[in-house]
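Asker: In case you want the letters, here they are:
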Amino acid sequence: MAIINQATKELQVKIVYYGPAMGGKTTNLVQVHDHVQTNAGNKGKLVSLATSSDRTLFFDFLPIEAMTIKGFKTKFQLYTVPGQVIYNTTRQLVLRGVDGIVFVADSQFEKMPENVESFQNLVDNLTAQRMSLSEIPYVLQYNKRDLPNAAPMEYMDFLLNNREVQVPSFAGTAHKCEGVFESLNMITRMLLQKFINQSMPQYA
Amino acid sequence: MATLPQLIEEDIRQVDEVLAEFVNQADLLGALIIDKGGFLITHQGNTGDLDLTTIGALASGAFMASQTIAGLVNEKNFNSTFQQGEKFSLYILEVDSECLLAVIFCSATGLGLVKYYGNTAAAAIARQLGLARERNPAGGFDLSMMNLANPGELFRKKI
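Each protein sequence line maps, in turn, to chains R and C. In short: position in the first sequence from 1, add 7, done, that's my numbering. In short: position in the second sequence from 1, add 99, done, that's my numbering.
Be careful, since some hints might not be right.
[Stated by the list, open to error] EDC-like cross-link-like pairs, simulated, lysine to aspartate or glutamate; straight-line CA separation at most 16 Å:
id, chain 1, residue 1, chain 2, residue 2
1, C, K257, R, D41
2, R, K52, C, D148
3, R, K50, C, D150
4, R, K50, C, D148
[What the hints assert, rightly or not] With the C-beta cut set under 10 Å, the calculated list includes, among others, these residues of chain C facing chain R:
id, residue
5, E108
6, G137
7, L139
8, D150
9, K257
In case anyone wonders, no lab produced these hints; they're calculated from the structure. From the three backbone atoms N, C-alpha and C, an ideal C-beta is built for every residue, glycine too.
For reference, chain R alone in the conformation it holds in the complex (with noise of 0.2 Å):
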């Protein structure tokens, strides 16, 4: 969970981006460090640790400065996992200590079944580290919109925004950079506002 650290005046808060493979999360971080407006020296290195042919072996790992709240830096660390189904591993690794979660669903038809069996792939997971979906803020971005095999946005919330509560969804088109900063400044801003309902938080 987020580090505050009274000492050096700091919030670091951890965001992954999960969902199946090939829907677009590295793009996102991607996207994200390429666009992204910082002052000088408060935006890192993308880091990928990937296979020679380009897919998310470990994770990906953007750390950017985003602002200063009441005298505190904000830093962000922006992390995706891989989306193939035989690294749930990795996946597991990488979801420890998550804040903030953007999970990035393909929106071609014929991927539904695994944007479904990776939501709750997610699900399972948080579970294993004693999390779950009602504590932990998140957003689903439906990516690829561009695509003319792109499931309506509605039959995608029925598929996968159909819990208790229903959270934000955003239409996107990741390689042209559209619902990337929607996502991300919603989920920064929802679980900035868990921190405030908290008032105390846990962690520092």
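With chain R fixed as given, assemble chain C onto it according to the hints.
Answerer: Using the frame of chain R, we list chain C on its own:
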């Protein structure tokens, strides 16, 4: 889920003192305290322009991966990892259930020396974290001054 305790300035000062002494004793380039989730907590040493944030995230990932391998080979715990380079080496030692000590040092320095002083430093840091856990955390962190009505305020896209 178990977590790091709330750390106050006194905790960080104590941990920094232990790290600084360790750096001197073992002639280290740097010593970092990292949360197992990948956050850098504090560090000491002459690390210059090294990207410690990223090193922290990667070191945590590497260590946690090795712990998973431990489970796969029916070993209860690999409590340290060591990567040797030509010029510099990296040693990561578990401090407690939530925290790691990552050490960067010249490869000419003996690993035994680093391990010897590292165990002492890790124990001292674990004690300080234990004290922090026992302490009743004082003071909160009020984010209410922040304007959350406009989510676009946090990250802006370059035009």
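Asker: Next step is simple, just say for each hint if it's right about the structure.
Answerer: These are the hints, each one checked on the structure:
1. C:K257 <-> R:D41: Distance of about 9 Å is within 16 Å: holds.
2. R:K52 <-> C:D148: holds (13 Å)
3. R:K50 <-> C:D150: holds (11 Å)
4. R:K50 <-> C:D148: holds (15 Å)
5. E108: Holds, because the Cβ-Cβ distance from C:E108 to chain R comes to roughly 4 Å (cut-off 10 Å).
6. G137: With a minimum Cβ separation of about 6 Å from chain R (threshold 10 Å), the hint on C:G137 holds.
7. L139: Status holds, d = 8 Å.
8. D150: holds (6 Å)
9. K257: Where the cut-off is 10 Å and the nearest Cβ of chain R is about 5 Å from C:K257, the hint holds.
Consistency with the previously given hints is maintained throughout, with no hint failing.
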